[in-house]
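Trainee: Please model the complete structure; the sequences and the hints are all you need to start from.
In this note's numbering, the protein residues as written are 1029 to 1181.
These are computed hints drawn from the structure, not numbers from a lab. Predicted, not measured: the structure shown is a model, and the values here were computed from it. Hints are supplied without guarantee of correctness; some may be wrong.
To be verified - Listed next, the in silico SDA-like pairs over lysine to any residue satisfying Cα-Cα at most 25 Å (straight line):
#  : residue 1 : residue 2
1  : Lys-1078  : Ala-1065
2  : Lys-1092  : His-1110
3  : Lys-1078  : Ser-1164
4  : Lys-1123  : Ala-1074
5  : Lys-1106  : Glu-1032
6  : Lys-1123  : Leu-1053
7  : Lys-1078  : Glu-1109
8  : Lys-1123  : Thr-1157
9  : Lys-1092  : Thr-1031
10 : Lys-1078  : His-1110
11 : Lys-1078  : Gly-1154
12 : Lys-1078  : Lys-1091
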Amino acid sequence: MATELPPAPPIPGEAMLEIFVHRSLRNTGNALNPDSAYGNGERLVALGSKVLEAVYAHVLFRKKPPMSAAALSIEQEKLPEHVARWVGEYQWMEKIRHSQDVDLYTPEETRYIMDAYVGAVFVAGGYLTLYNWIESMVQALPADPEPVLHDED
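Mentor: Put into structure tokens, the structure is as follows:
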């Protein structure tokens, strides 16, 4: 049975603006702020996408009982559907300011917001904060039976 998601880790207001003001409303001619720890949403996404995949894999790797390598691979392929679930449950899309011609409800936009938020959590709170949050979200997922993998005879 699924449980309620944990609260998302808090991030500074500067990062919130980068994440929750859609790039369709930004002046693309602006240079990156050298004094900002976050830069812009695209930088957060570039970092967050890699960190999310690594931390998600680490959480799966540490689950008990341990999964086989094949089962780990199968579970890692479920990350996009989990991201869609998490973004929906946090109701992040409803919080984004965007131009009227943007469809936020696409897999790309969903992943963008998750990756950006993950990047901001990683920059602001570090690996352990991010790991604990992702682990809590994975634990809140509905129980899935472990895939049964048979050796070829």
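Trainee: Against each hint, give a clear statement of whether it holds in the structure.
Mentor: Checked hints:
1. Our distance criterion of 25 Å between C-alpha atoms is met by Lys-1078 and Ala-1065, whose separation comes to about 18 Å.
2. Distance hint between Lys-1092 and His-1110 is fulfilled; the C-alpha atoms sit about 20 Å from each other, no more than 25 Å.
3. A distance of roughly 19 Å separates the Cα atoms of Lys-1078 and Ser-1164; the hinted pair therefore holds under the 25 Å criterion.
4. For the proposed pair Lys-1123 and Ala-1074, the alpha carbon gap of about 21 Å is at most 25 Å, so the pair holds.
5. Under the criterion of a C-alpha separation no larger than 25 Å, the hint pairing Lys-1106 with Glu-1032 is consistent with the structure, at around 19 Å.
6. Straight-line distance between C-alpha atoms of Lys-1123 and Leu-1053 comes to about 14 Å, which keeps the hinted pair within the 25 Å bound.
7. Taking the CA atoms of Lys-1078 and Glu-1109, the gap is about 17 Å. The hint holds against a cut of 25 Å.
8. A distance of roughly 23 Å separates the Cα atoms of Lys-1123 and Thr-1157; the hinted pair therefore holds under the 25 Å criterion.
9. Between the alpha carbons of Lys-1092 and Thr-1031 the distance comes to roughly 18 Å, so the proposed pair stays at or under 25 Å and holds.
10. A hinted pair counts as satisfied when its Cα atoms are at most 25 Å apart, and Lys-1078 with His-1110 qualifies at roughly 16 Å.
11. Our distance criterion of 25 Å between C-alpha atoms is met by Lys-1078 and Gly-1154, whose separation comes to about 14 Å.
12. At roughly 20 Å between alpha-carbon atoms, Lys-1078 and Lys-1091 fall within 25 Å of each other, so this suggested pair holds.
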